[in-house]
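Trainee: Residue numbers (the working numbering), protein chains in the order written: chain A, 62 to 496; chain B, 4 to 357.
Calculated from the structure, these hints are not laboratory results. A virtual CB, placed ideally from N, CA and C, is assigned to each residue, including glycine. The hints are all genuine.
Short, incomplete list of chain B residues facing chain A, as computed with Cβ under 8 Å:
(1) Pro62
(2) Ile72
(3) Val76
(4) Arg84
(5) Ser98
(6) Gly321
(7) Leu325
(8) Leu332
DEER-style ranges, computed between Cβ atoms:
(9) Gly11/B with Leu224/A: 23 to 31 Å
(10) Ser322/B with Ala88/A: 25 to 33 Å
(11) His476/A with Thr216/B: 35 to 43 Å
(12) Leu208/A with Pro164/B: 29 to 37 Å
(13) Lys229/B with Arg213/A: 38 to 46 Å
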Amino acid sequence: MAMSLGFHILFAAAGIALPLMMAVSEACWLRTRKPVYRVLAQRWAKGAAILFAVGAVSGTVLSFELGLLWPGFMEFAGPIIGLGFGLEGFAFFTEAIFLGVYIYGWDRIPALAHWVAGVIVAASGALSGVLVVSVNGWMNTPTGFRLDDAGRAVDIEPVAALLNPMAFPEGLHMTLAAYAATGLLVAGIHAILLLQDRENPFHRRAMGISLAVGGVAALLQPLSGHYSAQMVARTQPLKLAAMEGQYQTERRAPLRIGGFPDPATRTTPYALEIPAGLSILAHNDPNAEILGMDAFPPENHPPERVVHVAFQIMVACGLAMAGVSLWGAVAWLARRRAPTGTAFLWALAAVAPLGMLAIEAGWTVTEVGRQPWIIQNVMRTSEAVTKVEGLWISLATYTALYAVLGVIVVFMLLHQFRRSPRVEELVVELAEEAR
Amino acid sequence: MEGWMMIGPAEGLALVMLIALIVYALLGGADYGAGVWDLLASGPRAGAQRDLIARAIGPVWEANHVWLIVVIVLLFTGFPRAFSAVMTALHVPLSLMLIGVVLRGSAFAFRSNDPSEIARRRWNPVFSIPSVVTPVLLGAIIGAIATGEPGRIVEAGGSVPFFSTWLRPFPMVVGLFALNLFAYLAAVYLTLETTDPRLREDFRLRALASAVTLGGVAWVVYWMAKTDAPLVYEGLRHEAWGGPLRYATGAFAVSAIAALWTRRYHLARLAAMIQAALILWGSAMAQNPWLVPPHIDVAGSAAPPIVLKLLLIALGLGSLILVPSLVYLFRVFKGHTFAMGRRDEFGAIRANSR
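Isolated chain A, as found in the complex:
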């Protein structure tokens, strides 16, 4: 399951962001009527189509896997969080319909209707992502029900469960992450291609749009991350303690940059410590008390080394991306055209893969940070897993399937980029279109 999700999250992220980029590109085409934008929108639409098809089938697998691997979880949680999945189903349905209209509808329906179809794809894709993440938010901060004496959920309020405290911060953080990671990844690939062919108008525009989408998201992301962390501090203090490698409860807790938690000495050595930094960031007050892991029974501790390191990786990647985006924004505003300086292109290429890495790391933080619980303080992961024997066979099969699929998709997408027209090809293509 983790493997499936780890696969799904990357392709879903790209599947959320690519339609936005394609809609932006088509909007540029509609405004300027420069065919290069149309070619670009079609390229990205093809990428989106592959990702959507794979996302659709891997999403099907996930919806079944919920039951195949976690029957205990679903029997308990299904009624509570089902509304979120149900609405997500609708959003997904809408996306499927209009992606079909978009991909196969070029020149078949009016241009404006076609663009609107693209916008609907982008919007419903983002919405379905938010809804799925709200379910994850519920696992972190379960609301909308009460446990009776027998441990069953009663007084279920699905709407309250959908609007759980972590739903909004997580949804915002994940959506921005999808735009930032995908936008900068695509921008980075085009930056590499631009390094070889500086004046290629196709790659220039491709980099411009993807940088605009990814850069804005990357610049907003630290704010959203700060907000998420404050919510985590309020709702899941143990997870925050693990993220920060905070063993002891203290006031004026330091913010640790780097470091590797040592369970034996119950300290986090090798970290750069900013005095009272954590208290300020988490509670806006240098004297705020931060609960350490010692405040919680050891059997409830997540593996703090994994959580802390993953958190550091996510923050580092995010800050690097925000930094390069800021550079790009300043250069863009100063020169009033997308920056193509060698140093900037190299920097963009360097941060290209970091977004996806940050998504995986962030996902590790929220999932591993919640262990041993699958539903925070309600159900342990071990209670939820299926009792079917020979589970490893299923797991190995799904893993192999996803690995193969992942390789093929990446190969296909790279193929799209390799086919990106060079200047002379583009001229031919433009001439053909003019005809």
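Given chain A's structure and the hints, the job is docking chain B onto it.
Mentor: Chain B only, in chain A's frame:
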């Protein structure tokens, strides 16, 4: 009629699920059936047949596929106990079916992404072979549930056997029936997708052949159900509605064949769709109120009423967006199968009257 007015939210949701399942069979099922004809493409027009299939299902198959996800989401939200029981007892065939879904869907997407001959040769078998295997597994799962065996195993607790619940004659025959049904629907639909009369004739013959074998397999299923799925058999045989439903199904089956024979393709499509819907409707009604016989029924496994009501409200509101969107999709991409046919029929009438 009064009975329908008074159904509770659980029954209402079960009804919505059944309708979604029927729509999935009529649309998504036919996409699988088209994959069967891709595998069986033969004769001088094999390539043209494959092109036609790819063009016909390309824009719509993803939307059609979502109906299955709708059924699953409704099942785990509305009837969590039934979902958990099915997923545990039929873990193996469900996993295999999912592998089929993944392989076929991705192969189709990869193939349409890269129109070169090498890519086509590489992805075609990955698309068409799972198109055959997946419906068989889907049918086998439904057949296995109808036997009551998975339900008994879950109720008893203890370990779940890998194969004995579904790798048996009855579920396998139901699997073949599902495959045959999907292939039949696809062939009937495909007659309306082309303007080439020879290509149309190819699919007309395929539709007729699969209609005949469908009748044969249906008879075997019915005969085996007597011992293997007595619940369904008794329902179809003894309930007041059982007789009329069987005769109506038969009548539509015969009409579809007659319409195919006389080349009235629109009529054939309509009759075949009603026939398929009635088959599913009848089997579900016969099994009513059991979701996973013999222990889990609609009322007993339903989620709390508030959940069901909210879900129904969400479904209602969602359809306000969904239905116009679907109509738009089909108007853009399937409009020609209505308009063009009408023109053709007029042409045929004119030709006859001459």
